[in-house]
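Those protein sequences? They're chains H, X and V, same order as listed.
Note that our numbering numbers the first sequence so that position 91 is 91, with each residue one more than the last.
Note that our numbering numbers the second sequence so that position 31 is 31, with each residue one more than the last.
Note that our numbering numbers the third sequence so that position 587 is 587, with each residue one more than the last.
To be clear, the hints were calculated from the coordinates, so they are not data collected in a lab.
Every residue, glycine too, gets a C-beta built ideally from N, C-alpha and C.
Any given hint could turn out to be false.
[As the list claims (entries may be wrong)] Listed below are several chain H residues computed to face chain X (Cβ distance under 8 angstroms; list not exhaustive):
no., residue
1, Leu75
2, Glu79
3, Val158
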Amino acid sequence: MSTLDTAGPAAASIATLWWVMLIGATLIFLFVMALLALVFIRPGIGRGTPASWWLVGGGLAFPAVVLTPLLIYALWAGERLFPTGDPAVAQVDVVARQWEWNFTYRNAAGAPVQSSNTLHIQAGQPVQLNITSADVIHSFWVPRLAGKIDAIPGHVTVLQLKADAPGLYRGICAEFCGTAHLEMQFALQAHAAEDFNAVLGGLPPAAAPDVNAPRGRP
Amino acid sequence: MNGIMTGSRNQAFLFMALGFTVWALAFSVLYGVQGTGCELGWHRQPIGPLSLLRWLLILIWAAHMAVLGWVYWRCRSALAVTAAKAMPEAFLWRASMALSITAAAATVWIGLALLVPSICVV
Amino acid sequence: MTDTTAATDPIRLHKQLHRIWRTPPGFGRLSAVNHTIVGRRFIITAFVFFGIGGILAMLIRAQLATPRSAFLGPEIYNQVFTMHGTVMMFLFAIPLFEGLAMYLLPKMLGARDMAFPRLSAYGYWCYLFGGSILIIGLVLGLAPDGGWFMYTPLSSRTYTPGINADIWLIGITFVEISALAAAIEIIATIFKTRAPGMSLDKMPLFAWYMLVTAFMMLFGFPPLIVGSILLEIERAFDLPFFDPARGGDPLLWQHLFWLFGHPEVYIIFLPAAGVMSTLLPVFARREIIGYIWIVVSIVAMAFLSFGLWVHHMFTVGIPHLALAFFSAASTAVAFPTAVQFFAWIGTLATGRPQLKLPMLFLLGFFFVFAMGGLTGVMLAIVPFNWQVHDTHFVVAHLHYVLVGGFIFPMLAAAYYWLPHFTGRAPRLSLGITAFWLIFIGFNLTFLIMHLTGLLGMPRRIYTYDDAAGWEWLNLVSSIGSFVMAIGFALFTVDIVLQVTMGKRARRNPWGAKTLEWATAMPPPAYNFASLPSVTSRTPLTDARGIAVDLARGQGYLGFVREGRLETLGVEITSGRLEQVIRLPNSTHIPLYTALVTAVFFVGVLLKFYLVAVIGFVATIAMLLMWTRGWGDRADRGLMPVGQGEEAPPHTEVTGAPSNWAMTLALFANGTAYASLAFGMLFLWVVAPNWPPPVLLDPGLLASALAVAGLAAAAFAAMRSVAPAVLAKAPQRELWLAVAAAGNGAALAGFIMLMMAVPDPTRHAYLAATFVLLAYVALHAALGVVFAGYGIVRSRAGYVSAMRSLDLRIGAQWHRYTAGIGLIALLLIHGLPRVMGS
Numbered sequence: 001m002s003t004l005d006t007a008g009p010a011a012a013s014i015a016t017l018w019w020v021m022l023i024g025a026t027l028i029f030l031f032v033m034a035l036l037a038l039v040f041i042r043p044g045i046g047r048g049t050p051a052s053w054w055l056v057g058g059g060l061a062f063p064a065v066v067l068t069p070l071l072i073y074a075l076w077a078g079e080r081l082f083p084t085g086d087p088a089v090a091q092v093d094v095v096a097r098q099w100e101w102n103f104t105y106r107n108a109a110g111a112p113v114q115s116s117n118t119l120h121i122q123a124g125q126p127v128q129l130n131i132t133s134a135d136v137i138h139s140f141w142v143p144r145l146a147g148k149i150d151a152i153p154g155h156v157t158v159l160q161l162k163a164d165a166p167g168l169y170r171g172i173c174a175e176f177c178g179t180a181h182l183e184m185q186f187a188l189q190a191h192a193a194e195d196f197n198a199v200l201g202g203l204p205p206a207a208a209p210d211v212n213a214p215r216g217r218p
Numbered sequence: 001m002n003g004i005m006t007g008s009r010n011q012a013f014l015f016m017a018l019g020f021t022v023w024a025l026a027f028s029v030l031y032g033v034q035g036t037g038c039e040l041g042w043h044r045q046p047i048g049p050l051s052l053l054r055w056l057l058i059l060i061w062a063a064h065m066a067v068l069g070w071v072y073w074r075c076r077s078a079l080a081v082t083a084a085k086a087m088p089e090a091f092l093w094r095a096s097m098a099l100s101i102t103a104a105a106a107t108v109w110i111g112l113a114l115l116v117p118s119i120c121v122v
Numbered sequence: 001m002t003d004t005t006a007a008t009d010p011i012r013l014h015k016q017l018h019r020i021w022r023t024p025p026g027f028g029r030l031s032a033v034n035h036t037i038v039g040r041r042f043i044i045t046a047f048v049f050f051g052i053g054g055i056l057a058m059l060i061r062a063q064l065a066t067p068r069s070a071f072l073g074p075e076i077y078n079q080v081f082t083m084h085g086t087v088m089m090f091l092f093a094i095p096l097f098e099g100l101a102m103y104l105l106p107k108m109l110g111a112r113d114m115a116f117p118r119l120s121a122y123g124y125w126c127y128l129f130g131g132s133i134l135i136i137g138l139v140l141g142l143a144p145d146g147g148w149f150m151y152t153p154l155s156s157r158t159y160t161p162g163i164n165a166d167i168w169l170i171g172i173t174f175v176e177i178s179a180l181a182a183a184i185e186i187i188a189t190i191f192k193t194r195a196p197g198m199s200l201d202k203m204p205l206f207a208w209y210m211l212v213t214a215f216m217m218l219f220g221f222p223p224l225i226v227g228s229i230l231l232e233i234e235r236a237f238d239l240p241f242f243d244p245a246r247g248g249d250p251l252l253w254q255h256l257f258w259l260f261g262h263p264e265v266y267i268i269f270l271p272a273a274g275v276m277s278t279l280l281p282v283f284a285r286r287e288i289i290g291y292i293w294i295v296v297s298i299v300a301m302a303f304l305s306f307g308l309w310v311h312h313m314f315t316v317g318i319p320h321l322a323l324a325f326f327s328a329a330s331t332a333v334a335f336p337t338a339v340q341f342f343a344w345i346g347t348l349a350t351g352r353p354q355l356k357l358p359m360l361f362l363l364g365f366f367f368v369f370a371m372g373g374l375t376g377v378m379l380a381i382v383p384f385n386w387q388v389h390d391t392h393f394v395v396a397h398l399h400y401v402l403v404g405g406f407i408f409p410m411l412a413a414a415y416y417w418l419p420h421f422t423g424r425a426p427r428l429s430l431g432i433t434a435f436w437l438i439f440i441g442f443n444l445t446f447l448i449m450h451l452t453g454l455l456g457m458p459r460r461i462y463t464y465d466d467a468a469g470w471e472w473l474n475l476v477s478s479i480g481s482f483v484m485a486i487g488f489a490l491f492t493v494d495i496v497l498q499v500t501m502g503k504r505a506r507r508n509p510w511g512a513k514t515l516e517w518a519t520a521m522p523p524p525a526y527n528f529a530s531l532p533s534v535t536s537r538t539p540l541t542d543a544r545g546i547a548v549d550l551a552r553g554q555g556y557l558g559f560v561r562e563g564r565l566e567t568l569g570v571e572i573t574s575g576r577l578e579q580v581i582r583l584p585n586s587t588h589i590p591l592y593t594a595l596v597t598a599v600f601f602v603g604v605l606l607k608f609y610l611v612a613v614i615g616f617v618a619t620i621a622m623l624l625m626w627t628r629g630w631g632d633r634a635d636r637g638l639m640p641v642g643q644g645e646e647a648p649p650h651t652e653v654t655g656a657p658s659n660w661a662m663t664l665a666l667f668a669n670g671t672a673y674a675s676l677a678f679g680m681l682f683l684w685v686v687a688p689n690w691p692p693p694v695l696l697d698p699g700l701l702a703s704a705l706a707v708a709g710l711a712a713a714a715f716a717a718m719r720s721v722a723p724a725v726l727a728k729a730p731q732r733e734l735w736l737a738v739a740a741a742g743n744g745a746a747l748a749g750f751i752m753l754m755m756a757v758p759d760p761t762r763h764a765y766l767a768a769t770f771v772l773l774a775y776v777a778l779h780a781a782l783g784v785v786f787a788g789y790g791i792v793r794s795r796a797g798y799v800s801a802m803r804s805l806d807l808r809i810g811a812q813w814h815r816y817t818a819g820i821g822l823i824a825l826l827l828i829h830g831l832p833r834v835m836g837s
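Looking at chain H on its own, in the form it has when it is part of the complex (with noise of 0.2 angstroms):
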């Protein structure tokens, strides 16, 4: 469930992404606590710095070398991180509802199959959710592989994940719906290459599709 122990490519720039800000913030916040400590230690040591040097310095300069470096960079890996639209990317349906995930497999072979609380992706290939939901606001979450997207009736979202390597991998509901939210977990599998069209000739088909796509962007 670790997003540290990232298994894909988005869950890894983010993780990247968390390193970087982590140890810029311990530096910060070390080098704000000893300029805190100095002055009670020895008192009056600040005294010949004019006001200006503080507020300029500190309050201007400081953040401004941090932090724009740290947007631009932050936009640039997020732009990477959005779907891209390419057509050729399998694209699966998600559907949730109090307290199930529904997964509907439109590239598959012939006509759309369907699986419960189970999702089956082929390693090493990007895949686009689709994701709604039937009643309440969820949140679809494997951590070890990407951010979280909520799932809004009325709405649909898209995620594109990946997964590097084939296993079993967590997913929960991040958005609090209700009495059993805890229980709402579902797994995604991701299988070999040479498994992945046999396992989705296994599943059932769909049944035709109970929420209507609305319209309306995501």
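Guided by the hints, dock chains X and V onto chain H, whose structure is given.
Okay, now just chains X and V, sitting in the frame of chain H:
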């Protein structure tokens, strides 16, 4: 009251809020137009190198920057007059001037977002 | 008895003032309107709610201490965490700083009371009654259980059929009356009731912080109030604002909630930062550096904080470019925060800091809040937010911000001002031990909780598997939380000991420079026997004997005029003497008004709508009663105020506090109206299942009637306050009658339009149209009341060419109603055309 200080005595006080009101307006209009534009497909209409929606956002951004420039100029002139006479309003005009600069900086800062490539969800 | 010569005998002056300002004993205490008493009540009640919220927190940590714990089931646990958040935010943090501001502001500004003492008392009772509704719900096991954020559709009737969610919506809206009342009152007080000479640039920084905070409350609370009302209407009458199947949208709730919810964090932080900026220079033994920088930072922070709300919604699928706006704005807040942070450190560095007990708590603030600020920047970063949103990382972050940025400064404030409240100094201090227990316990609980979140533990789950890898982290957090709880218990014991057994404190024990320390300790009901004249930011340094001089009556108003309670009013910017403000004595009427308001809210809660209507009408009637017999029946002109100066009574100037109160109330009202209009447009652009199945065909006759009525009322109100008309009673009463008739016609027009709306339960468009029209209709109806009230006041002799305050307040209302009415008509006529084309 002299020429620059026409209107109410509390004008300086109102100007303290004006700079960031322009910022807030820029922010809301940008967000609103972005959402509406995505809904109406303006991001799929190219005009030269950029889409109609992005041009529109840049234009809105620039217009608000211009208004902030005017606010700054207004505060600056009023500060000069009031400071020369050591009036208590001078403090507020100084603060208003600083706030207009701050608001302009904040507008530039959120303007960074306009560089983001993905303007609407696919 | 008029004695306008300065009494030189301080005892005699005290007795004269005490007789008219005091609150009667026994049950008479329920009639208290004095700011010292009401402020104290707010503070004590807030701490009681803090205890309740703390016990709920303990239940949470007890449940999560071990995996698969059977202590609380999910039903109870959901109520517990919902109430923990709700109590701490709405019933503890906000009322606590409101109480502190009420207690301190008049004393810091050199006034005898807040601008509207009865409004403070009414606000207190609303807070107490509204909070009690929530606590009673908790005791009965009917507490809200949908999270303190109440996301729809989970909180809609389909998924939460019981009364639980209604208890939240009704209780919180009731409490918010007190927040809006406090906001209006704080602004009017800071604007108008300062000591002469205290221009805005000489005002204590705490007043700047509270001024900006109050403005934020004025604009921040209305969206939540509107959201709550819409949700309650949806739950009770099935008008679908948030139901996507009928053109509603759950995201509308999120926007309205966070449009309030994020500024809320800064509304809580700024008063605490005001405490920092007040206490820190005292313990650094120098003036704060960068006064104007701090003022600019506060204003910048206030505005920026309204541009952050979507960072609570980074995972709802908004395009990256839009997220980037909010990400940028969220990081931008770091700048004004850093300016204040370094102004404080610079003040310490260039002063001679003393490590006294309140300073220790301030250092706790630096440590904890710095960390909360840094994780705040992390959360502003979009991709990182996607991972840790709704995990325990966020729980840790928000506690670092709120405990660091609010509780530590407030504990410092408690120790700093306690001698002022009680006149007592501590005998033995358990405070240092309490500090370390709270500080260590807090960091033990929440520092590692960041890691718990990163390891994938989401919020709001009542238990977890032993295989999750979170066991030891949760156990340590739970142990830490109990250490912290012991710390708070020790703090409480320490305070009680000091209040009951402390030794007599000397005056101004910390060597502070602000005016509140010039009163006696504990302060008398009237604060100052005479009011000071202020010439600098540090009035207590300029004249060391100022306290004695004021007690001797050597300042302004050092006498009692006709048994009236008086304080001075100034021009906003310059602080020049402008008016003599008359204040009310102790009265039970705020309590009675709050009781009938409670009848309204309980009526709505229990769905006894007839009772609710009676409660509403009774509340309006009670509010009108506030002014009965209040005012002057003759022009007074300039009155002596001592020091050889004169000023007119507040009823005879344009800038009276109550005139400002109406302006400010209309700002808040306008924000609510804008939220409603925004909601309608938002649904049109964003919500699924639009366009609606049927469009409104607004009748031309009804629309014309409404326009004519609104215009007539606004014009008549304007005429009624024109100088030539004001002077003649029959003329002004005639114009007021026209205003009443105009509002009546508008009311009829809007009711006709409402009746033309086909079944508002069918679609959100129809529902929103209906509510928009009802909103204006309500204002027109109140307009009739206002105009009629003007006539009554005029007939009773309270109005003249000079005394036009009542009519000017009414005129503001009529103009405003005309404005929102025209906007509503534009929307209901325009929208169908745009959608139909």
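We went through each hint and held it up to the structure:
About 6 angstroms separates the beta-carbon of leucine 75 of chain H from the nearest beta-carbon of chain X, less than 8 angstroms, and the hint is met. Here the hint on glutamate 79 of chain H is kept, as its CB sits about 6 angstroms from the closest CB of chain X, short of 8 angstroms. Contact between valine 158 of chain H and chain X, as hinted, is supported at the beta carbon level, the nearest pair being about 6 angstroms apart and thus within 8 angstroms.
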